[in-house]
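Asker: Now for the letters of each chain:
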Amino acid sequence: RKEVEQDPGPFNVPEGATVAFNCTYSNSASQSFFWYRQDCRKEPKLLMSVYSSGNEDGRFTAQLNRASQYISLLIRDSKLSDSATYLCVVIPVNYGQNFVFGPGTRLSVLP
Amino acid sequence: EAGVAQSPRYKIIEKRQSVAFWCNPISGHATLYWYQQILGQGPKLLIQFQNNGVVDDSQLPKDRFSAERLKGVDSTLKIQPAKLEDSAVYLCASSIRPYEQYFGPGTRLTVT
Chain A
1 RKEVEQDPGP
11 FNVPEGATVA
21 FNCTYSNSAS
31 QSFFWYRQDC
41 RKEPKLLMSV
51 YSSGNEDGRF
61 TAQLNRASQY
71 ISLLIRDSKL
81 SDSATYLCVV
91 IPVNYGQNFV
101 FGPGTRLSVL
111 P
Chain B
1 EAGVAQSPRY
11 KIIEKRQSVA
21 FWCNPISGHA
31 TLYWYQQILG
41 QGPKLLIQFQ
51 NNGVVDDSQL
61 PKDRFSAERL
71 KGVDSTLKIQ
81 PAKLEDSAVY
91 LCASSIRPYE
101 QYFGPGTRLT
111 VT
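Chains as they are written, first to last, in our numbering: chain A, 1 to 111; chain B, 1 to 112.
Hints were generated in silico from the structure; no laboratory data involved. For every residue, glycine included, the Cβ atom is placed at its ideal position computed from N, Cα and C. A portion of the hints provided could be inaccurate.
What the hints assert, rightly or not - The following residues of chain A were derived to be distant from chain B, with all beta-carbon distances above 10 Å: (1) R1; (2) V13; (3) E15; (4) N27; (5) S32; (6) S49; (7) S52; (8) N65; (9) S81; (10) N98.
Unchecked claim - To give a feel for the contact side, a few chain B residues facing chain A, derived at Cβ under 7 Å: (11) A2; (12) G42; (13) P43; (14) L45; (15) P105.
Could you put the whole structure together from the sequences, leaning on the hints where they help?
Answerer: Here it is in structure tokens:
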């Protein structure tokens, strides 16, 4: 089993739709979780951290379920500019500060 | 604030040739990372430096890959000799806080 797995995608949704991505991780002792966004042929950029209590940033909501070892990202009212690959990042406890990236889920928001 | 700089942006070489990539992190960032991102996959950490010391190089294929960070600022990553499976984007990142990494634009390597 891979350390971090994500919905394979791609997701093609119309503007204004709500879309959710899931990410599962294998190391139950993992401590920190993030969502990064990567535009085509660009570098990854931090979208948001994922807190145990869940957190929201505008149209984006991140949730963590430690018991089931998954995190999710919900995007409401999708915009064309949301089209990108969304990377799940986990920091396993025995990896120090090192990131383990998932393979990413590609989202295309269609007009 | 200037971001992470990398060069070259693109490189095409034949297998068994050598290649080197350069990275200049954000000023003041003590930690520097090199990642390999193969098409369709997430970035995979190759090596992490703290100042000019190696913190983690467990996933670096040391038979062909090497990296250094002299003087704790710029870094170079070298592949010698290259294989077809080394075709990827090589990303450099730097951080001042553990959980906040800033990535450079990457070097896209094609090995033919």
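Asker: A separate judgement is required for each hint: does it hold in the structure or not?
Answerer: Hint check results:
no. : hint : in the structure
1   : R1   : holds (16 Å)
2   : V13  : holds (20 Å)
3   : E15  : holds (26 Å)
4   : N27  : holds (15 Å)
5   : S32  : violated (6 Å)
6   : S49  : violated (7 Å)
7   : S52  : holds (15 Å)
8   : N65  : holds (20 Å)
9   : S81  : holds (19 Å)
10  : N98  : violated (5 Å)
11  : A2   : violated (14 Å)
12  : G42  : holds (3 Å)
13  : P43  : holds (5 Å)
14  : L45  : holds (5 Å)
15  : P105 : holds (6 Å)
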